[in-house]
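**Q** Listed below, chain by chain, are the residues.
There are 4 protein chains.
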Amino acid sequence: MNKIVILIHCSDQKGIIAAVTNYIASIGGNIIYLDQHVDSDQDVFFMRLECEFAKDHFNLDTIKDNFSKNLANPFSMSWSIQLQERKPRMAIFVSKYDHCLYDILSRYSTGELPIEIPIIISNHHDLSSVAARFSIPFHHIPFTKETKESGEKEQIAVLEKYQIDFIVLARYMQIITPNLIALYQNKIINIHHSFLPAFPGAKPYHSAFNRGVKIIGATSHYVTEELDEGPIIEQDITRVTHSHSIEDFIMKGKDLERMVLARAIKLHAERKTMVYNNKTVVFS
Amino acid sequence: MNKIVILIHCSDQKGIIAAVTNYIASIGGNIIYLDQHVDSDQDVFFMRLECEFAKDHFNLDTIKDNFSKNLANPFSMSWSIQLQERKPRMAIFVSKYDHCLYDILSRYSTGELPIEIPIIISNHHDLSSVAARFSIPFHHIPFTKETKESGEKEQIAVLEKYQIDFIVLARYMQIITPNLIALYQNKIINIHHSFLPAFPGAKPYHSAFNRGVKIIGATSHYVTEELDEGPIIEQDITRVTHSHSIEDFIMKGKDLERMVLARAIKLHAERKTMVYNNKTVVFS
Amino acid sequence: MNKIVILIHCSDQKGIIAAVTNYIASIGGNIIYLDQHVDSDQDVFFMRLECEFAKDHFNLDTIKDNFSKNLANPFSMSWSIQLQERKPRMAIFVSKYDHCLYDILSRYSTGELPIEIPIIISNHHDLSSVAARFSIPFHHIPFTKETKESGEKEQIAVLEKYQIDFIVLARYMQIITPNLIALYQNKIINIHHSFLPAFPGAKPYHSAFNRGVKIIGATSHYVTEELDEGPIIEQDITRVTHSHSIEDFIMKGKDLERMVLARAIKLHAERKTMVYNNKTVVFS
Amino acid sequence: MNKIVILIHCSDQKGIIAAVTNYIASIGGNIIYLDQHVDSDQDVFFMRLECEFAKDHFNLDTIKDNFSKNLANPFSMSWSIQLQERKPRMAIFVSKYDHCLYDILSRYSTGELPIEIPIIISNHHDLSSVAARFSIPFHHIPFTKETKESGEKEQIAVLEKYQIDFIVLARYMQIITPNLIALYQNKIINIHHSFLPAFPGAKPYHSAFNRGVKIIGATSHYVTEELDEGPIIEQDITRVTHSHSIEDFIMKGKDLERMVLARAIKLHAERKTMVYNNKTVVFS
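Residue numbers (the working numbering), protein chains in the order written: chain A, 1 to 284; chain B, 1 to 284; chain C, 1 to 284; chain D, 1 to 284.
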């Protein structure tokens, strides 16, 4: 069987679900998953479907064409239809922290993540040996404040060369430039080491320690031009006590960062996230 | 607007969602919530819909009749359609433990639970004062091993008199009789003080302590003839350490019992649970 | 047996634990619990002990005198020694929200909280009926912006009359005045409906909804003059998704508020919290 | 400074803490951590201390000798004193599952685990490539039911050759033989993929799915001759719903297994666990 994933997003209107499910039925598809959400404040409708079709006569382009004519245009939908088996191509940006990189590559190696990782890009040499262990190409693009523009150009060239679909910042310690954000809108995933919006910016574990919180967290979000302000994909927390030092916070936080980032990658790769109004709809 | 909740359960077939959503659209309804689940092992289909209709011309009986003819019969559905505003009537069975009773009555008083509580039934006098505090009628039905049958008769008479829809056992320390279970199938909710299937039966906190577990739990489930074996509605856990005594387990467990039972009551009252194959589908 | 709780707090020095445990042994006490903490950044030492003594010849005043001379003075300790069986007297301040009040009074009624509740104070009449249900005196002290000063005087008079040890703000919607804070330093417990420091101030659930977080929380803390900035005693969180409305956030949050506040009350009542440097040490 | 860790375990007696802390003070040590536990049911006393000593004149053997004479003998203690900086040597046993192995080796590589890993032992060839990636020696010891005895002999020879302190079974699918258990008592850590005592034995995810639980878990424990019945070190859980398949359970469970096993390894390596009565005391 061929499986496709349909994502739909439009203003809320009567009869959308009936129209879409009728269409799927009319072309011989079987719906194996349907979830929808109506944001009643904003009057926006979201839907995610997984359908399967018999192998013969299946033609993705025809489905897309007809969907566009018969459904997307009349209902003014934002939409996408993708083959489930097609793995998105992910680039990893890193600097010097290695724990998230090890975790992603380990999960990738065990087959947990439905992605391809054609390239790791870094402004430092340090983690090239980790990339080598997992036999992933490592591209070193150093830059300074002054050469940031040319560095970005090289990054974009590499991303294009490897036909990258989305980017993961695995504790990458640099601010992403507006050009790159514009090219990969809602396609750059960051991991921030606090339960945002608490403790944005630098050294969140130190701030958490000084404030005396009893819970620390991590947050994965899509990158926008406002630092640490993008749409949140996933968060998690762990308990701390007075007996934990800043070093303990950092150590416990590493586990959160790994888990939260891995979950966000998986959700994105499986086309389970939709973005609007600086928030996410996550059909998990 | 009139709001209704539709629950459907049948063998999986192509085109069910389209047929149902078409029908809703055809009678002027607007779907505000739809969730579905396919058990692909058993080939069973489940759906829950919330729809709203304009007040004029709305006739629940007509909707039910047409639904039955046009959808339920052709697809061989088990189904129910209910007015969302109609609050189910719940009886509480208690013995001597008061923490769950206090919690349910407090939540009821603050308006958190969409239910009516016409009656509290007990085999002991002890908690009549709690019932009185919240101005709920309290019916004392004492019985012994020998008089259990007549006790059950009286229970059933009281349940019928108060037109009870479902029953909650709030740490009721008696085994429910098969007659009563048969009358209220999947409509009697129990709270068991362990994460089932670990530690079924009596004194689970003692067993958990002796085993040296690092986590204790509570489980709410529908009552079946097999003790502590019914379909699980909700579970939760909390961490314990070597420093906790059995008394600490019991104290921490009380919070779990309260929360888990309250959640199960809310899910059932909002018609978000469906039972099949000794499991629940919970559309939350 | 007589049981006492000793709390100690001083600058870190060699030999403190030996000196204290020797002293307990020398007067015939048996240590049944000892926990200590060293803040190595600030070089501060904290200790909590529970000891038991045979009933005869036990004299609390003598123990205190000798402790003061032999230990507290030489080591420059802040300290307290209290009989474990002596229940602290707690006042509850409320306005119109009833869920935390119901929860505290229910736990109090079931014997879960080792406290006395001699009085409930409110600037509104609304919750007097809840107090009446649980047979707790209710004192109505209305005030306006203009009469806040005289209102505070009346509050303090009532607190003194009832010999109140500590105060709980059970979703009390007024800012506590500096005079009252000064009188009850680290003895006023507030519950804030967010995981502080995220979303301080008014309407945190609305802010959380608008930010699109995947986790909401509640925080109990001691009240200081800086709003929502006092030492945190306890926090907890629950997961939310895109499918939850602001009303759902509020409903789910109620459970957090109840639990977190109840835990903070219990910790304080059992003399398990110590405050320094705007943080808490919680020996739980 | 030299740091040592002292673990003590004896029947409960008056004055133990005073005696131990006096002794530390008398030899110029500074206690930087002390935690103790009394099991009042069994009248057993446990203590863990971390102390530091100036580098000059520090002699571990002398400390041990004096501790033995002055404390351990009079109080009939079970005890150990170890240099904190000395990393225990851990062997990993694996079969074909790779996720826990990847996780352990990644954490080891990032420096999170205070251990040495001199050898990985397996009854299959499959994971030799993972070992090679991380440059850890891999020893293949195949055996059948018939050759299990000689296989065990070879295992023991390898463990002795590499001077192994403790063993981790990283989803090793073989039952450990009594001889090996006897040699490494409370020094073999297993990860079981359920919240024990629920679902012991084979295929726990399948059993959990069939029972319809709403929570799945993982448990790390010391291996004893009773399968899945040894002292529990750490457990954790995650929520599941009706919408998760057995494959989803397995996938979500992998994260639990990794985390729970890593935490147990860390606790054991840092000498924070003590075993008695088939339970653990975990000073974390």
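Where hints are given, some of them may not hold.
Pairs involving identical chains hold if they fit within one copy or between any two copies, as the list cannot separate such chains.
Derived PhoX-like pairs (lysine-lysine); straight-line CA-CA distance at most 25 Å [claimed, not checked]:
#1 Lys96 to Lys266
#2 Lys64 to Lys14
#3 Lys96 to Lys272
#4 Lys266 to Lys254
#5 Lys64 to Lys252
#6 Lys187 to Lys148
#7 Lys279 to Lys252
#8 Lys279 to Lys187
#9 Lys203 to Lys153
#10 Lys14 to Lys272
#11 Lys203 to Lys145
#12 Lys203 to Lys96
#13 Lys3 to Lys252
#14 Lys187 to Lys14
#15 Lys252 to Lys161
#16 Lys252 to Lys203
#17 Lys3 to Lys145
#18 Lys153 to Lys254
#19 Lys252 to Lys266
#20 Lys14 to Lys69
#21 Lys145 to Lys266
#22 Lys96 to Lys279
#23 Lys14 to Lys148
None of these hints come from the bench; they were simulated from the model.
**Q** Hint by hint, say whether it matches the structure.
**A** Okay, the hints, checked on the actual structure:
1. Lys96 to Lys266: both (23 Å within a copy, 24 Å between copies)
2. Lys64 to Lys14: Cα proximity of lysine 64 and lysine 14: in one copy and across copies (23 Å, 21 Å).
3. Lys96 to Lys272: Neither: 30 Å inside a copy, 31 Å across copies.
4. Lys266 to Lys254: both (18 Å within a copy, 14 Å between copies)
5. Lys64 to Lys252: neither (46 Å within a copy, 33 Å between copies)
6. Lys187 to Lys148: within (21 Å within a copy, 53 Å between copies)
7. Lys279 to Lys252: between (27 Å within a copy, 20 Å between copies)
8. Lys279 to Lys187: This pair counts as within: shortest intra-copy Cα distance 14 Å, inter-copy 39 Å.
9. Lys203 to Lys153: neither (29 Å within a copy, 44 Å between copies)
10. Lys14 to Lys272: both (24 Å within a copy, 24 Å between copies)
11. Lys203 to Lys145: within (21 Å within a copy, 41 Å between copies)
12. Lys203 to Lys96: within (15 Å within a copy, 40 Å between copies)
13. Lys3 to Lys252: The answer is between: 23 Å across copies meets 25 Å, while 39 Å in one copy does not.
14. Lys187 to Lys14: Answer is neither: 31 Å inside a copy and 35 Å across each miss the 25 Å cutoff.
15. Lys252 to Lys161: neither (37 Å within a copy, 34 Å between copies)
16. Lys252 to Lys203: The answer is within: 15 Å in one copy meets 25 Å, while 31 Å across copies does not.
17. Lys3 to Lys145: neither (46 Å within a copy, 44 Å between copies)
18. Lys153 to Lys254: Intra 31 Å, inter 39 Å, cutoff 25 Å: neither.
19. Lys252 to Lys266: both (22 Å within a copy, 12 Å between copies)
20. Lys14 to Lys69: both (19 Å within a copy, 24 Å between copies)
21. Lys145 to Lys266: neither (33 Å within a copy, 41 Å between copies)
22. Lys96 to Lys279: neither (30 Å within a copy, 33 Å between copies)
23. Lys14 to Lys148: The answer is neither: 50 Å in one copy and 53 Å across copies each exceed 25 Å.
Going down the numbered hints, you'll see the structure goes against 3, 5, 9, 14, 15, 17, 18, 21, 22, 23, while the others check out.
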